[in-house]
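Asker: For reference, the chains in residue letters:
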Amino acid sequence: MSDSHHHDDDHHHDHHDHHHGSLTHSLLPSDPALRVKAMETLLTQKGLVDPDALDALIDAYQNRIGPQIGAKIVARSWHDPDFRAELLRDATKVIGDMGFTGLQGEHIVAVENTDEVHNVVVCTLCSCYPWSILGIPPAWYKSEAYRSRVVIDPRGVLSEFGLDIHPDKQVRVWDSTAEIRYLVIPQRSENTEELSVEQLASLVTRDSMVGTGLPKIMGELP
Amino acid sequence: MNSIHDMGGMHGFGPIPLEEDEPVFHHDWEARAMALRMAMGAWGKWNLDAGRHANERLSPQQYLTLSYYERWITSLADLSVEAGLLSMDEIRTGKASGQHDLGRAPINAEGVLGVLRNGRPSSRAVDALPRFQIGDVVRAVNESPEGHTRLPRYARGRRGKVVLHHGGHLFPDTHAHFLGECPQHLYTIEFSSRDLWGSRANERDTVMIDLWDSYLEPA
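Line order of the protein sequences matches chains A and B.
The opening position of the first sequence corresponds to residue 1 in this note's numbering, with each subsequent residue numbered one higher.
The opening position of the second sequence corresponds to residue 223 in this note's numbering, with each subsequent residue numbered one higher.
To be clear, the hints were calculated from the coordinates, so they are not data collected in a lab.
Every residue, glycine too, gets a C-beta built ideally from N, C-alpha and C.
Using 30 Å as the maximum straight-line C-alpha spacing, the simulated BS3-like pairs for lysine-lysine come out as follows: (1) K169/A with K383/B; (2) K46/A with K267/B; (3) K169/A with K142/A; (4) K37/A with K267/B; (5) K216/A with K142/A; (6) K383/B with K93/A; (7) K37/A with K142/A; (8) K72/A with K142/A; (9) K46/A with K317/B; (10) K216/A with K72/A; (11) K142/A with K383/B; (12) K267/B with K317/B; (13) K72/A with K93/A; (14) K169/A with K216/A; (15) K169/A with K72/A; (16) K317/B with K37/A; (17) K216/A with K93/A; (18) K93/A with K142/A; (19) K142/A with K267/B.
Label pairs and their calculated CB-CB ranges: (20) D97/A with M223/B: 37 to 43 Å; (21) R381/B with D80/A: 36 to 42 Å; (22) G306/B with S159/A: 47 to 53 Å; (23) V117/A with D349/B: 34 to 40 Å; (24) D59/A with R346/B: 28 to 34 Å; (25) R381/B with Q199/A: 42 to 48 Å; (26) V363/B with T41/A: 42 to 48 Å; (27) R342/B with Q62/A: 19 to 25 Å.
Could you build all of it, start to finish, from the sequences and the hints given here?
Answerer: Encoded structure:
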């Protein structure tokens, strides 16, 4: 992850390695890397940030808070009908009892995909996302393309994810304009009756909990 | 404010940029930018809504040129100067004029982990009864406030149906401008995609938007 060999942005991170050894520009950090470094140096010098706090935040989102948390919740909802009913009734309380509410996940509503309805989540105004249970949002979720298009052309967007929704099925797009965070409960993969909750969780993908994907099927179980 | 951040329904941004096995951060500086922004927020000099509004206040040209974390670090500079935590001179030179005089240490590792755990709930008690009930047909007001608002342009003036009531939540339009929490009832309104976008939309499809009481009128 060193920035010293990159000077690109999110959308172009594949084609600069051939610059190694030349003195054109590849040895300099990218412009945003320099600006972030300058801000960090300034804020640290002034005593406004504690470097340990920065490391703790990065470690938390890099290593602990991610979609594996949401997957546990979904797997349990597949396995336990009473839990599912409670989750649909008051996800904030149920997820709080499991210890997974938190920053950008203070208020959670769970919505279930069924044979009749497919749910998909967006934040058109910024990039609101249930951080406490899914972690940092992926780049596509924060992209202008997703934010602008999924409300006006959800079926076209979903087909780019490889998801073709039957015209008779309703698509519900949830635009997260407030502090309510939405968790999609995808439909349970077929032929998984024998699986444990832990095995079920390994089928639940991040995208399936945003509504842009489906859970893995049995053959894909690791 | 009517600016580029309010992009729901726009055309022309191209295909969704999908990536296999995407890392949490693409570069170290993205992670540092995220952490700096969050750690600085802990001084309590601005709130979540003011922070969002700082991103919106970037010019449309700048907003579209900057990547997600570049917006964060750019607006962090604006917020820090406005809050008096940094001077323009310090931003220009990159050198601190001395230590801050806030009389306490910055948030430490234990502190930030506490923030992640506890979050900052936006729910608040509201004395007034909700004006609308589940099932009511409402219309989103057609207003164009110059300040922060969470009523997307694509829903303004459109009719929808109340499907969820979330109780009272602090009101971003005042909170972002340090004019108080002024909590209001918050609802989810279901809009027909046909009503929003016209005949090309599938007649079954809907868009659900979380809207505060004063964004709505009876219809």
